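Colleague: With the hints as constraints, model all of the structure from the sequences given.
Each chain, written out:
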Amino acid sequence: MPVSGTCPGGDSVGQTRGRIFFFLPALILLAAFVVYPVINTVWLSFQTPEGEFSFLKNYAEILSEPELVDLRGFKRGFPYGALIHNIMWIVIHLPLTVMLGLILAVILRDVKGGAVIKSIIFLGMVTPMVVGGIILRFLFDGSVGILPSFLNLFGITRRTLTAHPDTALFALILGSLWLWTPFSMVLYSAGLETIPEYVYEAAVIDGASPLRIFFLITVPLLRPVTGVVITMTFLWVLKIFDIVYVATMGGPGGASNVLALQMYMYAFRQFNANAAAVVATFLMIVALIVSIPTFRALRGDEA
Amino acid sequence: MRMAGQKTSRTIMLHLVAWLLALIWLVPFLGVFMASIRPLSEISRGWWKFATFTPTFKNYVGAWNHPAAPISRGMMNSLKVAIPGTIFPVLAASVAAYGFARFSFRGRDFLFIVIVALMTLPQQMIAVPLFRIINKLGAVDSYVGLMVVHSAWGIPWILYFMRNYFSALPVEVEEAAKVDGASDWRIFLQIVMPMALPAVASSSVLQFMWVWSDFFLALILIYSPTKLLATQRVPLLRGVYHVDWGILAAGSIIVMTVPIIVFVLMQRYYIRGMVGWVSK
Chain Y
1 MPVSGTCPGG DSVGQTRGRI FFFLPALILL AAFVVYPVIN TVWLSFQTPE GEFSFLKNYA
61 EILSEPELVD LRGFKRGFPY GALIHNIMWI VIHLPLTVML GLILAVILRD VKGGAVIKSI
121 IFLGMVTPMV VGGIILRFLF DGSVGILPSF LNLFGITRRT LTAHPDTALF ALILGSLWLW
181 TPFSMVLYSA GLETIPEYVY EAAVIDGASP LRIFFLITVP LLRPVTGVVI TMTFLWVLKI
241 FDIVYVATMG GPGGASNVLA LQMYMYAFRQ FNANAAAVVA TFLMIVALIV SIPTFRALRG
301 DEA
Chain Z
1 MRMAGQKTSR TIMLHLVAWL LALIWLVPFL GVFMASIRPL SEISRGWWKF ATFTPTFKNY
61 VGAWNHPAAP ISRGMMNSLK VAIPGTIFPV LAASVAAYGF ARFSFRGRDF LFIVIVALMT
121 LPQQMIAVPL FRIINKLGAV DSYVGLMVVH SAWGIPWILY FMRNYFSALP VEVEEAAKVD
181 GASDWRIFLQ IVMPMALPAV ASSSVLQFMW VWSDFFLALI LIYSPTKLLA TQRVPLLRGV
241 YHVDWGILAA GSIIVMTVPI IVFVLMQRYY IRGMVGWVSK
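Going line by line, the protein sequences match chains Y and Z.
As numbered in the numbering used here, the first sequence has no gaps in its residue numbers, which increase by one up to the final residue, 303.
As numbered in the numbering used here, the second sequence has no gaps in its residue numbers, which increase by one up to the final residue, 280.
The hints are simulated quantities; they were obtained by calculation from the structure and are not laboratory data.
Just so it is clear, the structure is predicted and the values come from calculations on it, not from any experiment.
Built from N, CA and C at the ideal position, the CB exists for glycine as well.
Hints may be right or wrong, so weigh each one.
Per the computed footprint, the stretches of chain Y lying under chain Z, defined by three or more beta-carbons under 8 Å from a beta-carbon of chain Z, are [what the hints assert, rightly or not]:
1. 24-32
2. 40-54
3. 85-99
4. 105-116
Pairwise CB distance ranges (calculated) [to be verified]:
5. Y:Gly207 <-> Z:Ser9: 16 to 24 Å
6. Y:Leu288 <-> Z:Met193: 27 to 35 Å
7. Z:Phe110 <-> Y:Glu193: 32 to 40 Å
8. Y:Val204 <-> Z:Ala182: 50 to 58 Å
9. Y:Gly207 <-> Z:Pro55: 54 to 62 Å
Calculated from the model, a selection of chain Y residues having no Cβ within reach of chain Z, i.e. all distances over 12 Å [unchecked claim]:
10. Arg19
11. Glu65
12. Thr127
13. Val131
14. Phe170
15. Glu193
16. Ala267
17. Thr281
Modeller: In structure tokens:
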């Protein structure tokens with residue numbers, strides 16, 4: 001056993017130095033293709049297209065563009081602007097995903113064939129979102145889609161829901177719910193398994209009704225899972241791009257536009273890198289703020 | 001007696017609701033599947049109507065050999081990106097994750113938190129400078145460029161996932177090996193990695209699915225018609241004068257099969273990878 005040149009920890013100096021090679025490949029890739037671009041984007045967001053440093057003036061200008069916030073929408077209807085659409089998306093989608101995922105997880109635990117149903121629902125999770133967009137476009141199509149035909153039974157005129165300003169965004173939100181709820185269902189199912197059986201048995205002996213058990217035992221014990229579901233769902237909706245690009249391209253007339261798509265339009269269709277950087281940086285800041293509680297929780301776990 | 005009857009009716013209700021939900025969830029998939037195996041004339045009447053039903057394989061052939069955007073080519077291209085785009089980041093991130101789990105150095109925890117924070121980034125945040133860098137490297141419109149970007153993009157969460165796994169492994173075996181004079185690399189490769197294979201499988205499955213399903217990065221980095229990936233080709237299957245739903249549906253299903261096969265084969269690891277977010 002080599003004794004010479006040993007560090008206090010018991011490792012030889014040469015060995016400790018060699019440890020840097022454990023980190024290098026990952027850190028170099030991250031630095032070059034993630035961290036540098038992020039810093040560069042922040043820098044671009046402070047500059048005018050002419051290359052002048054304008055700091056936050058860009059933000060004030062871009063974020064009040066009608067593409068992002070269109071106050072006239074509140075008088076006339078869609079579009080309200082990408083930012084408002086994102087907010088609407090989150091406000092509608094988030095509580096429904098949490099509730100549906102939880103209810104599905106609880107119901108399917110007690111149902112015969114629950115595993116099969118879970119697998120069916122889970123299909124949405126392994127579907128590439130581009131395909132998801134195509135499926136939604138087909139589902140909502142006025143002439144070949146099943147949903148408009150179904151609604152027609154109730155006297156609602158058949159039309160392509162994704163092609164009309166007043167329904168396009170809602171159709172996409174509904175579709176995103178269909179694609180994303182499996183995620184919260186799976187997390188809740190895993191969370192349910194961690195609740196020990198005797199907790200329920202005790203409650204049943206005490207004569208608690210199923211509803212009381214659900215609200216007073218299941219829901220509180222699943223709170224950590226709910227936290228993760230809310231954060232991940234928020235991030236997913238915030239970044240939503242593929243299904244909008246494929247199903248509506250943000251249309252008609254911007255009625256289903258979202259921030260991630262608007263950023264792409266600025267950057268790669270209008271070649272306005274600075275406006276794109278403003279939208280991207282805005283997305284990043286919101287994403288970071290939303291994730292702070294989860295990070296706290298993760299750190300708490302380590303201690 | 002009344003209690004028992006109540007309980008039975010409750011169970012029946014529960015099953016009804018469950019299967020109804022399953023049906024609702026299945027309908028959009030069922031529709032695409034039906035559209036993919038029926039001629040356009042039948043789709044136009046409604047895929048849920050079966051007055052005439054002539055199953056055909058034509059749409060699949062049409063999508064596979066599509067004149068503008070053959071899916072066959074897209075599948076090959078996607079594999080060329082997704083396979084190395086899975087192997088590289090899993091290797092690089094696993095090695096670094098082991099370092100974060102076992103070696104102590106100044107600033108380690110801070111560095112780790114920065115890397116974890118990178119997980120929340122929207123891809124839009126790197127898009128413009130990334131395009132410029134890759135362009136400078138002459139790797140725009142090449143799979144190497146896209147693969148490297150996917151590798152870098154996947155590292156934070158794989159690293160996070162693997163580090164948690166390594167941290168949970170018992171350290172005694174490694175210490176014993178160290179006393180016997182084994183180097184860090186030997187310990188990592190011969191003792192730790194074999195124990196970590198389930199975690200490697202989980203992160204590989206998730207990474208592969210994400211690279212396969214990715215659209216945005218491909219959209220900004222790959223543009224030659226012959227080089228387009230599978231996900232980029234699906235939207236191009238729409239006809240020119242009318243939407244050719246049969247071919248579009250068939251192409252969608254072909255592209256979906258790969259993640260579905262991976263999921264079915266590796267279900268255990270996939271779920272474990274996802275649930276890794278809640279359980280330490």
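Colleague: Against this structure, judge whether each hint is valid.
Modeller: Verification of the supplied hints:
For the region 24-32 of chain Y, the stated coverage by chain Z holds: 6 residues have a C-beta nearer than 8 Å to a C-beta of that chain, and at least 3 were required. Counting residues of the region 40-54 of chain Y whose CB falls under 8 Å from any CB of chain Z gives 3; the rule of at least 3 is met. Here the region 85-99 of chain Y counts 0 residues with a CB under 8 Å from a CB of chain Z, which misses the bar of 3, and the coverage is violated. Given as covered by chain Z, the region 105-116 of chain Y passes the check, having 8 residues with a CB less than 8 Å from a CB of that chain where 3 are the minimum.
Our hint of 16 to 24 Å for Gly207 (chain Y) and Ser9 (chain Z) holds, since their Cβ atoms are close to 20 Å apart. Against the hinted window of 27 to 35 Å, the Cβ-Cβ separation of Leu288 (chain Y) and Met193 (chain Z) comes to about 33 Å, which satisfies the hint. Phe110 (chain Z) and Glu193 (chain Y) have their C-beta atoms about 35 Å apart, which keeps the hinted 32 to 40 Å range intact. A hinted range of 50 to 58 Å holds for the C-beta pair Val204 (chain Y) and Ala182 (chain Z), which are about 54 Å apart.
A beta carbon spacing of about 56 Å between Gly207 (chain Y) and Pro55 (chain Z) agrees with the range 54 to 62 Å that was offered as a hint. Look at Arg19 (chain Y): its CB is around 5 Å from the nearest CB on chain Z, not clear of 12 Å, so calling it non-interface is violated. Distance to chain Z confirms Glu65 (chain Y) as a non-interface residue, since its nearest Cβ pair spans about 16 Å, more than 12 Å. Distance check on Thr127 (chain Y): its Cβ comes as close as 6 Å (rounded) to a Cβ of chain Z, failing to clear the 12 Å threshold; non-interface status is violated.
The claim that Val131 (chain Y) is not at the interface with chain Z is violated, since a C-beta of that chain comes within 12 Å of its own (minimum 4 Å). Against chain Z, the non-interface label of Phe170 (chain Y) holds: every CB pair exceeds 12 Å, the least being about 16 Å. A beta-carbon of chain Z is positioned within 12 Å of the beta-carbon of Glu193 (chain Y); the least distance is around 9 Å. Non-interface call for Ala267 (chain Y) relative to chain Z: violated, since the shortest CB-CB distance, roughly 5 Å, does not exceed 12 Å.
Against the 12 Å criterion, Thr281 (chain Y) falls within the reach of chain Z, whose nearest CB is about 7 Å from its own CB.
Consistency note: the structure conflicts with the earlier hints numbered 3, 10, 12, 13, 15, 16, 17.
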